[in-house]
Amino acid sequence: MPRYELALILKAMQRPETAAVLKRTVEALMERGAVVRNLENLGERALPYKISKHKQRHRRGGYFLVDFEGPPSIVSTMMDHLGRDIDVIRRTFLKHPVSKTEECSGIIPVNYEDKLIAKKK
Amino acid sequence: FCAAALLWGRRCSSRQEEVSVKSDYPIQMENPYKEPPRKCVLCGINVDYKNVQLLSQFVSPHTGRIYGRHITGLCNKKQKEITKAIKRAHVFGFMPVMFKNPSFLMDPKICNIKYPE
Numbered sequence: 001m002p003r004y005e006l007a008l009i010l011k012a013m014q015r016p017e018t019a020a021v022l023k024r025t026v027e028a029l030m031e032r033g034a035v036v037r038n039l040e041n042l043g044e045r046a047l048p049y050k051i052s053k054h055k056q057r058h059r060r061g062g063y064f065l066v067d068f069e070g071p072p073s074i075v076s077t078m079m080d081h082l083g084r085d086i087d088v089i090r091r092t093f094l095k096h097p098v099s100k101t102e103e104c105s106g107i108i109p110v111n112y113e114d115k116l117i118a119k120k121k
Numbered sequence: 122f123c124a125a126a127l128l129w130g131r132r133c134s135s136r137q138e139e140v141s142v143k144s145d146y147p148i149q150m151e152n153p154y155k156e157p158p159r160k161c162v163l164c165g166i167n168v169d170y171k172n173v174q175l176l177s178q179f180v181s182p183h184t185g186r187i188y189g190r191h192i193t194g195l196c197n198k199k200q201k202e203i204t205k206a207i208k209r210a211h212v213f214g215f216m217p218v219m220f221k222n223p224s225f226l227m228d229p230k231i232c233n234i235k236y237p238e
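If you read the sequences in order, they're chains A and B. Residues 1 to 121, numbered by this note's numbering, are exactly what the first sequence covers, in order. Residues 122 to 238, numbered by this note's numbering, are exactly what the second sequence covers, in order.
Hints in this document: simulated from the structure, not taken from any laboratory. A few of these clues could be false.
[Unchecked claim] Per label pair, the in silico range of CB-to-CB distance:
#1 A:His96 / B:Lys208: 17 to 27 Å
#2 A:Pro2 / B:Gln149: 47 to 57 Å
#3 B:Glu238 / A:Val98: 44 to 54 Å
#4 B:Lys235 / A:Lys55: 41 to 51 Å
#5 B:Met219 / A:Pro71: 15 to 25 Å
[As the list claims (entries may be wrong)] Listing some non-contacts, in silico: residues in chain B with all C-beta distances to chain A over 10 Å:
#6 Tyr154
#7 Arg159
#8 Met227
#9 Lys230
#10 Ile234
#11 Pro237
Yeah, the Cβ is synthetic: ideal placement off N, Cα and C, and Gly gets one too.
All chains should be modelled from the sequences, with the hints used to inform the complete structure.
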């Protein structure tokens, strides 16, 4: 099963309410056959811009990161499900980023003359 | 010794002549003093949409626009990765669009941006 990452921005709420939202989100994911690997809290911060969602104007939000493995059909169903949740400001699914840092050979000087002369012909 | 003798036109034994002529030529090899290829600032660093501080270093503080390749000095790959990550951060609600996050204004300058006077 492919690995996904869910960048979740929740409304700035008290701790028990945030916990309840996260619990029902993870349960919804597991219902649709996903295996949740990790849930990270990136902290409650001020949003970069004011977001209007569900008839409210938000300035602060709690950032959470859920990485899970699930069937590809889960994405559209979860987007619908989370869209109906009032406490969720922004939800985005993306494929789990593979961190590849090795094999950076540096800037190889490109010979532009050859390229351009060949094209001119 | 025999090579010097050849230069002056004197004769040596034939076998020694052939060997000495070839041994005098420069050996073909790659330039041993070649410098390793220059690396850009982000060579070996993983670029992610989540670390907004790193992304903000390549963005104008006044307008929030992404700097071009001639200003950042990054290689092709990394410039593309940075642009994609910044665009993602904008959409996902991690990074401001029209300006640079004020808490990152005092970061060390990587880009050689010149303002017209």
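Check each numbered hint from earlier against the structure, then list the numbers of those it violates in ascending order. The structure breaks hints 5, 7; every other hint is satisfied.
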